[in-house]
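Here is how the chains run, residue by residue.
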Amino acid sequence: MAGVAVQASSRGSSLIAIIADEDTVTGFLLAGVGNVDLRRKTNYLVVDNKTTVKQIEDSFKEFTTREDVAIVLISQYIANMIRFMIDSYSKPLPAILEIPSKDHPYDPSQDSILSRVKHMFSSDPAGPSDRK
Amino acid sequence: MALKSSPSDQDFICCLDSVHDLLTLRHSLSLLLSQGWMDMAKARYSMGLSRISQPLFSLKPHSASARILVSFTDDGAESSSQLTLVKLDARERNSHSTSYSHTSEEKPGHELEQKQKPTRSKAVPTDWSQDEDAAYRQLMGGVDDSDSDSEASVSYQAVELTTPIRWFGALVSPHLQSAQTSFDSALEILVKMANAQREALDAHNRVTQQNDAPDS
Chain A
1 MAGVAVQASS
11 RGSSLIAIIA
21 DEDTVTGFLL
31 AGVGNVDLRR
41 KTNYLVVDNK
51 TTVKQIEDSF
61 KEFTTREDVA
71 IVLISQYIAN
81 MIRFMIDSYS
91 KPLPAILEIP
101 SKDHPYDPSQ
111 DSILSRVKHM
121 FSSDPAGPSD
131 RK
Chain B
1 MALKSSPSDQ
11 DFICCLDSVH
21 DLLTLRHSLS
31 LLLSQGWMDM
41 AKARYSMGLS
51 RISQPLFSLK
61 PHSASARILV
71 SFTDDGAESS
81 SQLTLVKLDA
91 RERNSHSTSY
101 SHTSEEKPGH
111 ELEQKQKPTR
121 SKAVPTDWSQ
131 DEDAAYRQLM
141 GGVDDSDSDS
151 EASVSYQAVE
161 LTTPIRWFGA
171 LVSPHLQSAQ
181 TSFDSALEIL
191 VKMANAQREA
201 LDAHNRVTQQ
211 NDAPDS
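The listed protein sequences derive, respectively, from chains A and B.
Each residue of the first sequence is one higher than the one before, starting from 1 at the first, in full-length UniProt numbering.
Each residue of the second sequence is one higher than the one before, starting from 1 at the first, in full-length UniProt numbering.
Simulated from the structure, these hints should not be mistaken for laboratory data.
Wrong hints could be hidden among the right ones.
Here are the in silico distance ranges between beta carbons for each label pair [unchecked claim]: (1) A:Asp37 to B:Gln10: 42 to 50 Å; (2) A:Ser88 to B:Leu56: 31 to 39 Å; (3) A:Glu22 to B:Thr24: 22 to 30 Å; (4) A:Leu38 to B:Thr24: 39 to 47 Å; (5) B:Trp167 to A:Ser88: 14 to 22 Å; (6) A:Glu22 to B:Ser8: 45 to 53 Å; (7) B:Ser50 to A:Ser88: 19 to 27 Å.
Even glycine gets a Cβ: it sits at the ideal position worked out from N, Cα and C.
This is chain B alone, in the form it adopts within the complex (with noise of 0.2 Å):
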């Protein structure tokens, strides 16, 4: 005779299942914290205190190429929100924020909108698949949407792209750029272990909710 589960041991299951990646991926983050800090007073050891430090940071406009794309199942609640982790390249930021300018400079207004599709250079991957291309589009607002998101992506595009690692000098230590690696990776962890922490909270509720509900 086949056993068989309710919907609140699912849930509680699923709750265990969330809870044990989180728990998993706390380590790794831990992990790759733990090399990125080593290596970070590896590169102020070797290039000195000042040379990586917050008064380096630039404060100049500028747009983070490391971003979180929501994406809402049908019923478009938050709480059923799933994040993805989209980064831009640095050469495919400059081909693209020039294209972009050349473009603002040439037809502005309304018309900006209507040229917002971007233009494949030499440094975009041809190997995408459609949903990565889509994504990578709406990124880059070439997504026809309201027109708050249309001003949103403007917005967006008048503001420079920079690559962070150049602030603390034209040559930096190896032991900067790991760290950067490993921070890289730190980030992937991260969106993992929120969307793992979202379904975790998810199962928590419902099981808390009926739990709560009165017996019929």
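One chain only, chain A, in its complex shape (with noise of 0.2 Å):
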């Protein structure tokens, strides 16, 4: 366990949510991201071809919302879905990431944080709203 540092002030240990598809989330959990309480609340979440855009919005809506997470990772195709909520996503912690999936590679034009700093070298002032 090499470089760990603790400050004069710490929020204490928090989870990694992650919502992606089944190979991805399988990784991850062996990995030993995998969280569920007393109340059988995981935290993350499987997407498939039944996967509604609402479930994915609610849950990130709950991972974002929970104290005890620290970073979501979501699977850069699953994004694209619930691209308004996480551009108008804007609060330090949870720290979002996108990755990329098995099938979906990663495209940087398409992440929301690539796209607002490269809205600040380019000329165009059009934000990142405007990605097609």
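Combine the two chains into a complex, taking the hints into account.
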């Protein structure tokens, strides 16, 4: 356990939440990210072809409002389904990280954070909402 | 004559550096995840499709062994937080969960808070630095904090820790273990990415504020 530094104040340990396809969730569960509380509430959502956009939105909302979640991992293709929610999210914690999936490689032009920063460098006054 | 950079130039450069770090880490993450998915596909091929699937995920209450320690600078703002990955080894988890359950049976209630100093068993590494030890104690609820934190640490220890690879059987394919290693490494990259992302956004916000501020 290298590189651990505790400063004057800290929040205590927090979880990593995942919204991704089965393979990605399985992999991160193997890495020890999975948490099931006494009410059988999990910190992950497996998205398949039967998962509705509403379920994804509800999970995203739940994970980003939980006090014990520090990072939310979401596959980029799933993030594209709820892009408006992700673009409007501005809190520093939990941090939202878009990750590639097995069937959908990562596209930096669609990343919410990178497009915000890219806007700073480009002369185009259009913001992230104008991404196709 | 030495050139002096303005604060906005420094923030701009800081943002560029953070974005560069972020893109480099993303590339590493993609490679690790691809390796992990490949190994998982090989494990499924050798063990069978149904042997590695969602119905096998344990829904028994258990705690995550890979957690994030959030530390703040002196101002305590969330925007200045630093994230650190903390992992509990399986042998450490089992030894510590045993010692805590024994304590809770003997003396329930507020006295449990007094007893929450982790016992050093053989599985606990002894070569930790002071900071790592403090982080581990806090993770296990050994640091005296506010009452709400103590209650949270009690509930955390009441939940069992588990070894996820055992969900898929006692004997698993070596490819599944390789996949676990790849995703372990990917986790470390992701925490670094989260910190780099925060730094890039902070620098971006500072530059934007300076650009929007009226000239004095």
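Now the hints, each set against the structure:
Range check, Asp37 (chain A) to Gln10 (chain B): Cβ separation about 44 Å, and the 42 to 50 Å hint holds. The hint said 31 to 39 Å for the Cβ distance between Ser88 (chain A) and Leu56 (chain B), and at roughly 36 Å that hint holds. In this structure, Glu22 (chain A) and Thr24 (chain B) meet the distance hint of 22 to 30 Å, their C-beta atoms being roughly 29 Å apart. In this structure the supplied range 39 to 47 Å holds for Leu38 (chain A) paired with Thr24 (chain B), their Cβ-Cβ distance being about 41 Å.
Restraint check, Trp167 (chain B) to Ser88 (chain A): a C-beta distance of roughly 37 Å breaks the suggested window 14 to 22 Å. A beta carbon spacing of about 46 Å between Glu22 (chain A) and Ser8 (chain B) agrees with the range 45 to 53 Å that was offered as a hint. Against the hinted window of 19 to 27 Å, the Cβ-Cβ separation of Ser50 (chain B) and Ser88 (chain A) comes to about 40 Å, which falls outside the hint.
In this structure, the earlier hints numbered 5, 7 are contradicted, and the remaining ones agree with it.
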